[in-house]
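Enquirer: Using the hints provided, position chains B and E relative to the given structure of chain U.
So the chains spell out like this:
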Amino acid sequence: MVVKIIQIILSPILALVVGVFFLGLARKIMARIHWRYGPPLIQPVIDMVKLFCQKSVSHGFMFDLGLILSLAGSIVVVLFLPLGGIAPLSGSGGLLVILYIMLFAPLGMALSGGQGANPNISIGISRKLILSLGYEVPLLLVLLAVMTRYKTISIVEVVSAQQSTAWSFISFPLFLSGLSYFLIFPAILGIRPFDTASAPQEISSGPMVEYGGKYLALATIEHAFILFISIALFVNLFLGGAANPVIFFVKMLAVFVLGLYINAVFPRFRIEQAVKYLWKWPTLLAFLGLIINLAMRS
Amino acid sequence: MSLEILLIIAFGGALLTYLLGKASEKTRDFVAVIISLSMVAFVVCLYGKSPEQTFYSGFLGLDLVLRLNMLSWFFAVTIAVIGALSVIYSLSYIKTREKTDFYFLMTLLVNAAMLGIVLAGDLVSFYIFWEIMSWSAFLLISYNKGSALAAGMKYIIMSIIGSVCFLVGMLSLYVSFDTLNISQIASAMTSASPGHILFILTAFCIAFGIKNAVLPFHTWLPDAHSEAPAPFSAVLSGILIKMGTYGFLLLLYVIVGLKLFLGLGRGLLSFHFILCLLGAVTILIPTFIAMLQNDAKKLLAWSTVGQAGYIILGIAFGTNLALAGGIFHFFNHAMFKALLFFAVGAVEFRAQTRDLDSLGGLAKKMPVCFIATLVGICALIGVPLTSGFVSKWLIYRTLILEGSPFLAFFALAGTWGTILYSYKLVHNVFLGQLPEKYKDIQKSPASMQLPIIVLSLAILLFGILPGIPLKVINTIGTSFGFETLNVTLWGITSETGTLNTINIFSALLVAGIIVWIVFRLGAKSVSVPQEDSYAAGAHTPADKYHYTAEFYNPFYRMIKPFLRDVIDEFYYWIASSVRSLAGNVRRIYSGDVGYYVMYIIFFLAALIFVQMRWKIW
Amino acid sequence: MDRNQITKWLKAPAKMANKYSLHAIYFCTGCGIIEVPPVITARWDAERFGVIPVATPRQANLFLITGYVSVKTLRAIIRTYEQMYEPKYTVGFGSCPINGGMYWDSYNTIKHLDKYIPIDGWIAGCMPRPEAIFIAVTHLWTLIDKEMANGYIRYRENYNSYRRNQELALGKLDWPPLFPVSDEPQGNEQ
Chain U
1 MVVKIIQIIL
11 SPILALVVGV
21 FFLGLARKIM
31 ARIHWRYGPP
41 LIQPVIDMVK
51 LFCQKSVSHG
61 FMFDLGLILS
71 LAGSIVVVLF
81 LPLGGIAPLS
91 GSGGLLVILY
101 IMLFAPLGMA
111 LSGGQGANPN
121 ISIGISRKLI
131 LSLGYEVPLL
141 LVLLAVMTRY
151 KTISIVEVVS
161 AQQSTAWSFI
171 SFPLFLSGLS
181 YFLIFPAILG
191 IRPFDTASAP
201 QEISSGPMVE
211 YGGKYLALAT
221 IEHAFILFIS
231 IALFVNLFLG
241 GAANPVIFFV
251 KMLAVFVLGL
261 YINAVFPRFR
271 IEQAVKYLWK
281 WPTLLAFLGL
291 IINLAMRS
Chain B
1 MSLEILLIIA
11 FGGALLTYLL
21 GKASEKTRDF
31 VAVIISLSMV
41 AFVVCLYGKS
51 PEQTFYSGFL
61 GLDLVLRLNM
71 LSWFFAVTIA
81 VIGALSVIYS
91 LSYIKTREKT
101 DFYFLMTLLV
111 NAAMLGIVLA
121 GDLVSFYIFW
131 EIMSWSAFLL
141 ISYNKGSALA
151 AGMKYIIMSI
161 IGSVCFLVGM
171 LSLYVSFDTL
181 NISQIASAMT
191 SASPGHILFI
201 LTAFCIAFGI
211 KNAVLPFHTW
221 LPDAHSEAPA
231 PFSAVLSGIL
241 IKMGTYGFLL
251 LLYVIVGLKL
261 FLGLGRGLLS
271 FHFILCLLGA
281 VTILIPTFIA
291 MLQNDAKKLL
301 AWSTVGQAGY
311 IILGIAFGTN
321 LALAGGIFHF
331 FNHAMFKALL
341 FFAVGAVEFR
351 AQTRDLDSLG
361 GLAKKMPVCF
371 IATLVGICAL
381 IGVPLTSGFV
391 SKWLIYRTLI
401 LEGSPFLAFF
411 ALAGTWGTIL
421 YSYKLVHNVF
431 LGQLPEKYKD
441 IQKSPASMQL
451 PIIVLSLAIL
461 LFGILPGIPL
471 KVINTIGTSF
481 GFETLNVTLW
491 GITSETGTLN
501 TINIFSALLV
511 AGIIVWIVFR
521 LGAKSVSVPQ
531 EDSYAAGAHT
541 PADKYHYTAE
551 FYNPFYRMIK
561 PFLRDVIDEF
571 YYWIASSVRS
581 LAGNVRRIYS
591 GDVGYYVMYI
601 IFFLAALIFV
611 QMRWKIW
Chain E
1 MDRNQITKWL
11 KAPAKMANKY
21 SLHAIYFCTG
31 CGIIEVPPVI
41 TARWDAERFG
51 VIPVATPRQA
61 NLFLITGYVS
71 VKTLRAIIRT
81 YEQMYEPKYT
91 VGFGSCPING
101 GMYWDSYNTI
111 KHLDKYIPID
121 GWIAGCMPRP
131 EAIFIAVTHL
141 WTLIDKEMAN
151 GYIRYRENYN
161 SYRRNQELAL
171 GKLDWPPLFP
181 VSDEPQGNEQ
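Residue numbers (the numbering used here), protein chains in the order written: chain U, 1 to 298; chain B, 1 to 617; chain E, 1 to 190.
No lab work stands behind these hints: they were computed from the structure.
Don't take every hint at face value.
What the hints assert, rightly or not - Simulated pairs of lysine to any residue, SDA-like, Cα-Cα distance not exceeding 20 Å:
| # | chain 1 | residue 1 | chain 2 | residue 2 |
| --- | --- | --- | --- | --- |
| 1 | U | Lys276 | B | Phe562 |
| 2 | U | Lys280 | B | Arg557 |
| 3 | B | Lys471 | B | Glu483 |
| 4 | U | Lys55 | E | Lys72 |
| 5 | U | Lys55 | B | Val526 |
| 6 | E | Lys15 | E | Phe49 |
| 7 | B | Lys154 | B | Ser577 |
| 8 | U | Lys28 | E | Arg43 |
| 9 | E | Lys8 | U | Val57 |
| 10 | B | Lys471 | B | Ala458 |
| 11 | B | Lys524 | U | Val57 |
| 12 | E | Lys172 | B | Pro541 |
| 13 | B | Lys364 | U | Gly60 |
To be verified - Pair by pair, the computed Cβ-Cβ distance ranges are:
| # | chain 1 | residue 1 | chain 2 | residue 2 | range |
| --- | --- | --- | --- | --- | --- |
| 14 | B | Val528 | E | Phe134 | 30 to 40 Å |
| 15 | E | Leu170 | B | Glu531 | 13 to 23 Å |
| 16 | U | Trp279 | E | Glu157 | 24 to 34 Å |
| 17 | E | His112 | B | Leu509 | 49 to 59 Å |
| 18 | B | Trp516 | U | Ala264 | 29 to 39 Å |
| 19 | B | His539 | E | Phe134 | 28 to 38 Å |
| 20 | E | Met148 | U | Leu10 | 36 to 46 Å |
| 21 | E | His112 | B | Tyr556 | 44 to 54 Å |
| 22 | E | Met148 | B | Val510 | 44 to 54 Å |
Stated by the list, open to error - Computed, partial: chain B to chain E, Cβ under 10 Å:
| # | residue |
| --- | --- |
| 23 | Gly318 |
| 24 | Ala458 |
| 25 | Val526 |
| 26 | Asp532 |
| 27 | Ser533 |
| 28 | Ala536 |
| 29 | Gly537 |
| 30 | Ala538 |
| 31 | His539 |
Predicted, not measured: the structure shown is a model, and the values here were computed from it.
Just so it is clear, CB atoms sit at the ideal spot from N, CA and C, and this is done for glycine as well.
Just chain U, same shape as in the assembly (with noise of 0.2 Å):
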């Protein structure tokens, strides 16, 4: 019970650190890649320092509101995730609870932006639920061709299952599975080519551009817990989890330089460029995956 209470209390600090660390690893690998040194690794903690510092504007009780309620999402959804051997609340629904809080982070965001009355912010929203929309279908997909195969909705039977066998990623009908959601990967954490919601060039930072202070540091930790949850999910089901957390951290690591290596090198698709191409080659990979897994277990 008491170690219970103690995972529970460890594991959204563990995901604020490790989410934080990733922020500014992406900032300092991104400017080794343009060939010049770049910020120092705890510049995010400065950022966020200097911005709870700052004054800021609020535009009503929902704006709070809105901010307060996908942040309280998305620290509940790392209570679902295993974290290589840390898994708290793991017993109550796995990963359909896992689907359905995940949908509090962005409607938060967008309750909270509709009240700041910006066309800038309601584009950036309806780009965002369109993408949304977008790599749901292959995600989806991808989710259940796990769910058939392990026959489990539980995502620490998957880990176990994994961890006895092989990893997912590459075992046979799975590896189209997996193969599709690095597709999609990008899409999910918002880093290049998707991240069109949030174009600091063309919308002025879309929801985000009314945020500053204390706001923008919330949504800087949002932004955190995001990338976290979602390089967490892929090693998770894929990549096979971890027995302890250092080398599901390792794990998560390596995802992370692959994805910030895809996100130095394309430009932004369009909205429209961005969800034909989610529903064309990762959800046609994602179904082929679905109907095999399906074909070889009956």
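Expert: This is chains B and E only, laid out in the frame that chain U set:
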């Protein structure tokens, strides 16, 4: 308390209201509300009893039977409650129109007819009440003249086609089994041949599918629900559609029985799979179409078509959890769709428009409607803590665990589409900047706020304590022959993991409080008016700086060619085929007497041939 | 650069964070903006000092006025400056904001920008080299350390005179005053 008295009070009350309305308005309003509330009270008092009585013998040699079992009770309680709330809501909604007596008569008549449908114990009384319901609904849909007349016409034609199919099925049953009493047919059905069962199922499924707006037959719904007056739209979407659901439940579980239903056909070509597939496609395509609508009520109407797909999928899938999910989703959908229609109707009442492109910023002016819409949206999406989550979770669980991931994919993708159009509704109506012309808009009247508040509280209550309706649904499931689920007050426990809403609720609450504390630790924030927004250094325009028109335009541009060239073309093709077929049949009337004599002689020759060959007479 | 001295962080975290996380707003004022892209990209990397460009004044706390200010631009500059959050710092870049520079006798430019919005520091030149932006940033750090970079406090305290100067230059202003204004006449405060 016998069932006939219930129905007599319901129908008589409708007539009484109409007559009293000629005398005075206040008594009419009072009597209408009293009648509806007494219906609720009567139905609630009948919980747990199951009377069955013949109330009229000798109608063409058949007995007309009324009966009540747990399934009927569940439907009846929903009908009574939503009907009563709709009557309370219409008190101020209808006040400024003409022909209000007619409106009250028809509303009470529809409610009474729906009660009659669920209390009917044999197919003839079912059919009588079904027809009364369809006709009074038609008259109410056409209540606002103008484009509502065309919408009503579409509705009544498709409903009549459904009723004719129902008649065909009914007559086939009578000819085979010589009775129309539902329980007797159920016991006699085990001796029917599969071909006959298939025919009965098809005939009845067309009838109930048209009423329930399953995909090929859904075309009447968007126009009808958006043109009807708002309280009646709530009744239409909430419970009238679900009369088709009740029909499906009667058909599949009571009359035909689950074993026979699942045994028809095999593999992918079975009736069971085709019905599930229709349900799944009904979830997906109308949800995408709802995203593109610019009329608030039409968006909600397309959303109704989509959610009805969930119910059909749950019912047709055939397992314990799926049935529980489907019936619970019926109950939830009635509550939150009625809530959304009430809220949007209040906005329409005050702002005189439903156009999503021109509304905006009404959150501060109509706060009750805003919060109600938020709760309704969260229930529609299936956010944990609302009752929609429980019903959808049951359906997903069973689809995944029973090995139908494609159907699960349709259901889950439908949820994401739901998020998109729900956000569009909330954003374009309530969030954002208030246009100049709505600066003096008033709040909704108290008699409109009451049903809205009641329904929001009910959604939250059944979301936190889903055990209350689940217990009733469990009884229904066991009466169909399933084994019982372990229902606790907080959810369902089964051998493959628990659904524990209280876990999620407390986790969210604690996380929210922690984030709020961190939020307060930051520097204080200044409240600024909404006009002080980033506009690249320029002044924000006075009237509207809020983007609502063509909200999902990139997506619309992507799927518009598909909608226009494939789906619209399909329906045009059906219409033109029917027209050309009718045109060809018309050619029989050539106007030339010689042809008519030839027809008569050929027909007599055919009859003589049949008699000589097969000796029928 | 004392970014890695933990004791200073623990003693005054707000001051240190304000120094090492200056987000500059992407406002391209005049001809000097051509000197800024090499600074923020790989040629002279400004991100190692914590300076990145952001797209909206709500997220910014450094405003570089790079070049001449015409009357039309002054409206945008004032509105953008007022939409930034406190604490905020402004740097005048080039000779034109200081005293009119090359356009000292033009009818359409503003000669002394300091009358309309408070400026914390100046870099002279026509145009200064991109490295001068780093000189500006490091000098700004020194000023923040000594608590002398208080342009925003001056703006708040003397808002009356700033607003009157703005009205004199631009005519009727179509945005409400940021701080409460009093109506008594006051001397021309510099």
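Enquirer: Each hint: holds or not?
Expert: Against the structure, the hints come out as follows:
{"no.": "1", "hint": "U/Lys276 x B/Phe562", "in the structure": "13 Å, holds"}
{"no.": "2", "hint": "U/Lys280 x B/Arg557", "in the structure": "17 Å, holds"}
{"no.": "3", "hint": "B/Lys471 x B/Glu483", "in the structure": "13 Å, holds"}
{"no.": "4", "hint": "U/Lys55 x E/Lys72", "in the structure": "29 Å, violated"}
{"no.": "5", "hint": "U/Lys55 x B/Val526", "in the structure": "8 Å, holds"}
{"no.": "6", "hint": "E/Lys15 x E/Phe49", "in the structure": "15 Å, holds"}
{"no.": "7", "hint": "B/Lys154 x B/Ser577", "in the structure": "18 Å, holds"}
{"no.": "8", "hint": "U/Lys28 x E/Arg43", "in the structure": "16 Å, holds"}
{"no.": "9", "hint": "E/Lys8 x U/Val57", "in the structure": "29 Å, violated"}
{"no.": "10", "hint": "B/Lys471 x B/Ala458", "in the structure": "16 Å, holds"}
{"no.": "11", "hint": "B/Lys524 x U/Val57", "in the structure": "9 Å, holds"}
{"no.": "12", "hint": "E/Lys172 x B/Pro541", "in the structure": "17 Å, holds"}
{"no.": "13", "hint": "B/Lys364 x U/Gly60", "in the structure": "10 Å, holds"}
{"no.": "14", "hint": "B/Val528 x E/Phe134: 30 to 40 Å", "in the structure": "34 Å, holds"}
{"no.": "15", "hint": "E/Leu170 x B/Glu531: 13 to 23 Å", "in the structure": "19 Å, holds"}
{"no.": "16", "hint": "U/Trp279 x E/Glu157: 24 to 34 Å", "in the structure": "58 Å, violated"}
{"no.": "17", "hint": "E/His112 x B/Leu509: 49 to 59 Å", "in the structure": "57 Å, holds"}
{"no.": "18", "hint": "B/Trp516 x U/Ala264: 29 to 39 Å", "in the structure": "37 Å, holds"}
{"no.": "19", "hint": "B/His539 x E/Phe134: 28 to 38 Å", "in the structure": "35 Å, holds"}
{"no.": "20", "hint": "E/Met148 x U/Leu10: 36 to 46 Å", "in the structure": "45 Å, holds"}
{"no.": "21", "hint": "E/His112 x B/Tyr556: 44 to 54 Å", "in the structure": "52 Å, holds"}
{"no.": "22", "hint": "E/Met148 x B/Val510: 44 to 54 Å", "in the structure": "45 Å, holds"}
{"no.": "23", "hint": "Gly318", "in the structure": "55 Å, violated"}
{"no.": "24", "hint": "Ala458", "in the structure": "41 Å, violated"}
{"no.": "25", "hint": "Val526", "in the structure": "9 Å, holds"}
{"no.": "26", "hint": "Asp532", "in the structure": "7 Å, holds"}
{"no.": "27", "hint": "Ser533", "in the structure": "9 Å, holds"}
{"no.": "28", "hint": "Ala536", "in the structure": "7 Å, holds"}
{"no.": "29", "hint": "Gly537", "in the structure": "3 Å, holds"}
{"no.": "30", "hint": "Ala538", "in the structure": "7 Å, holds"}
{"no.": "31", "hint": "His539", "in the structure": "5 Å, holds"}
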